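Undergrad: Spelled out, the chains give:
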Amino acid sequence: MEQTVPAPLRDDSSASTRTKRKRRRIDWLPFWLILPTVLVLLAIQVYPVFYTLVLSVQERKPSGWVYVGLRNFERLFNASAVRESVGHTLIFLVGYVVLTLTLGFIIALLLNRKSRLSGAYITLLFIPWILADIIAGAVFRLLVLPDYGLFSGILQQPGIFGPNGLSVLTAPAPKPWFGEFPFPPSPALIYLILASVWRALPFVTILLLAALQTVSNEVIESSRIDGANALQTIRHITIPLILPTMVVALFSLTLGGMNGVGMVFALTAGGPGNSTEVLSYLLYSIGWSALDFGRAAALALMIAVVNLLLIAGTMRVTRLQQRSE
Amino acid sequence: MKARYVLIALLAILALTLGACAPAPAPAPQVVEKVVEKVVTQEVKVVETQVVEVEKVQTQVVEKIVEATPSPEAVPFVTWMQYDQGNVDPKSDERVGNQYLRDTMPQFNEAFAGKWVWENQFTPFDRAMAKIVAAVQAGADVPDLMDVQAAQINTYYNNGTFQDLTEWAKAQSWWSKMDESAIKLCSGPDGKLYCIPMALRPSTVFVWKDRFPDGFPTTPEQMLVEGERLKGEGKYAYTFFGSTAFDGNGAGRAVWQIVASFGGQYDDGNGKLKLNTPENVAAVTFLREMVQKGYVPDIAFAGGFQEEEAFKDSSAGAFPTGLFGYRYVNPLTAPDGTKYDLKNENDMFNAIKDGQVYLAPQVAPEGNKPGCGADASGFGIPVGAKNPEAAYDFINWILTPEQNPAFVIGPGAGFPADTEILQTEQFKTPFYEQAAKVVAASDCRMAFPTITDVTGASKAVMGAVYKLIKEDPIATELQKAADEFNSQL
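Chain order of the listed sequences is S and Y. Quick note: the first sequence uses our numbering, first residue 110, plus one each step. Quick note: the second sequence uses our numbering, first residue 4, plus one each step.
The hints are simulated quantities; they were obtained by calculation from the structure and are not laboratory data. Just so you know, nobody snuck in bad clues.
Okay, derived cross-link-like pairs now, SDA-like style, lysine to any residue, Cα gap no bigger than 20 Å in a straight line:
hint, chain 1, residue 1, chain 2, residue 2
1, Y, Lys315, S, Asp256
2, Y, Lys470, Y, Leu276
3, Y, Lys134, S, Ser398
4, Y, Lys94, S, Leu251
5, Y, Lys238, S, Gln265
6, Y, Lys296, S, Leu275
7, S, Lys170, Y, Val139
8, Y, Lys238, S, Tyr257
9, S, Lys170, Y, Asn273
Partial list, derived from the structure: chain Y residues whose beta carbon lies under 7 Å from chain S:
hint, residue
10, Ser246
11, Gly466
12, Lys473
These numbers come from a predicted model, not from an experiment. From the three backbone atoms N, C-alpha and C, an ideal C-beta is built for every residue, glycine too.
Please put together the full structure from these sequences, using the hints given.
TA: Encoded structure:
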C-alpha cells in the first residue's frame, strides 16, 4: 500500500527547500572569473613542483628514466661537494646580509638627514640596482683579473698584500680553522660577498630610508630632551621602530642570496677550485652542466624547504607588523 | 543568462591564451646576400732606413642581410649550430663558423632547391648540450641535425639524445674512407654510432720559437730547466686551462695531455674513475712543480679562457690546447715585438708561416710517447627530428670533396675524418703539415672513453688536480700532524 503524504505538508516542505536552496545557491561567477588565473598558476607553479618531486626520485639511464627512491637525496648527503657548498653558502649569506644591512642602515640614516643633495645621492645610489647580476659580475671580474685586471697592479704588488701579492680570482682558500668548515673563506668568496653587497645595497637602503621616514620627529626629539645621545636614540628608539622592516629586508636578502646564481656565474664560476660554489650554483651545475636532472631536483627540493621556512618567517613578521600598526 | 555570456567570454579568452602558447611559426631563414672581404695592401717606403713596411688592412663589408625565399615545396631543414650566420661582427669568437654558414647555406639551398631549405638556429656551445638533452626528453621541437663534440657523446648516449646512425652510415659511399679513430670517437659505450665525424681535433702545443731557442723540451726534466730559465727572464714556460671553470672542462685539455704523456688515465675502462695510479701521481707532481715554482702565470687559473692572454702577448712560451686553438688565440705579439693583428685565425697561420710559432708534441718522460687528447667534431641527428632525410642529404653533401675541405678548415678546425680528403692540396699548408707530424709523434687518446657522466667526472678530476697543483697539501699535512701532536702535550 502506497503511503501518501498530505498535500499541504508536502507543498510546505518543497517550498521551504526551494527557499533554502535559493538562499544557499552559490554564485559561480567569481569562480569562473578566477579560473584562468588558477589554471595558469597550476600550469606554471604547481605542476613544476610536482614534476620536481617526481624527478627527484628518478635517475636517467640509457634505457630511460628509472625509479631510484631516495638515492638522489642519499647521494647529495654523502657528497663532499654539497657539504662544502653548504659551508660556502652560510659564509656568503652571513657576510652578505650583515654587511648589506649594516651599510644600508648607515647610508639610510645619512640620507634621512635631508640634505640638499639627498635626491641626487639616492639617484646615484640606485645605479647598481638597475644592473643585471651578470653584468655586475663580469665588471667586478675584469677589475681583478690576474696580471691583466685594472687593480691587479696594486693587488699583486709584493708587500702590500703579503709577500707575493694577492690574486683574488686564483688564490686558494686558507687552511680551515674548524675541521671541514671552509672558514676562513677564500679571497674570491670575500670578493663575491663585496660585489653582491654593492649590488644589493640600493634596495636595502631605500627600504630602510622609507621606514626611517615614518619615524616621528617628535619621538626622536623627546628622546633627546630626555638626555639620550645619538647612538642611544638609534639603539633604543629608531631601531625598535623600524625593526619589522629590517626583518623583512633580512629575509628578502637571505632569500635573494640563497637563490641568486648570476653573480657567481659571471664573477667566479664557483672557483678557484670550488671555493665559491654556493648551493644555488651547485644546483645549476648539477642540473644544467652534468644534466643530472634527478639529483638537481632533489637538491632543489632541499633548497625549497629552506626557502619555505624563510618565507614563513617573513609572512609572520609582516603580520606582526600589521598588527602593531 | 548574463553569467552564461561571461562564461563564454572567459572561455574565449582562455582559448586565445592557449592559442598564444602554441609554437610560433618559424621565422623565414636569413641569409646574408653578400659579404665582401677586401684585403688592401699598402706599401710604405721609408727612404732613410730603406726598410719597406707592408701593412695589411683587412676590412669586411657586409652588404645586406636578406630573407631567403624558399620555393613553396621546399621543406625546412633545421640545424642547431654554435655558429650564427646573422652575426657579422668581425670580433666574434665564432666569426669563422659564422662566415662559413653565410657562404654555405645558399650553396646548400641551391643544391637542394625545391627539396630542402636550410634554417640554422644559433645555439651557443656552452648551452647546446643542456638544450638538446632537455628538448629531446621533454618531447619539444628538436632540430634535424646538430653539431656535436665527440667528447660529449657518452653523455648524449646516457640521455638517449641522438639516433643510432650505424646502419645508415655503413651503407654510404664515404664509410670505407673514414678514419677508424674518428668512427670510434663518435661511438657510444654500446659501440653504436651516434654522430658522423667530420674533423679530428687532436690537442697539441703551440710554441713561441724565440722563447725556446734550443727547441721545445721533450722531457719534463728539460721543461723544468727551461721554466727556470724563462722565469729568470720574467717569462713563463706554459700557460694552460688550469681553472676549474666550465665544470672542470680543463681536465680534458692540457691536464689530460700531461697525464697521457706520463702514461696515466682517468677512466678504468668500465665506466668508473681511476685516479690514484703512479702515472697520474707523477703527472700531477710535474704540473704542481711547474706551478709552485712560478713557471705558469696566475692567469692560467682565472677561467673564462683568459689563460690565452699569456700566450697572445708571448709572456708564456707555450700553450698546450686543442688544434682548434688557432681560431681563437689572436691577436698575437711575438717575442720580437712583431704583431699579428688581423684578429682572426690568419694571425696564427701567419705566425706559423713566419716561423714565430710552431706546433710541438707534449713533453713526456723518457720512453713514453707524448700525450695528446683525441676529439672530433661531427653531426648527430636528435631523437624526434622531423626530417632525418634532410640530415642524411646534408651529411652526404658535406662529405663530398667539393664541400668537405671548407668545413674542416673552417668550423671543423682539425683534420678531415675522410682520409682521402686529407690528401688534397688544401691540407698541405705549414700548419697542417706540422700538426700531422705532432699527431704522428703522439699517443692521442680520449680522456673519458667509457664514463657516461663526463661532466661529473671532469669536475671531480679538475677539482682534485687544481687542489693538488695550486694549494699546498704537503704543508697542510705537515701542519696537521704537528697540530694534532702538539694538542696532546
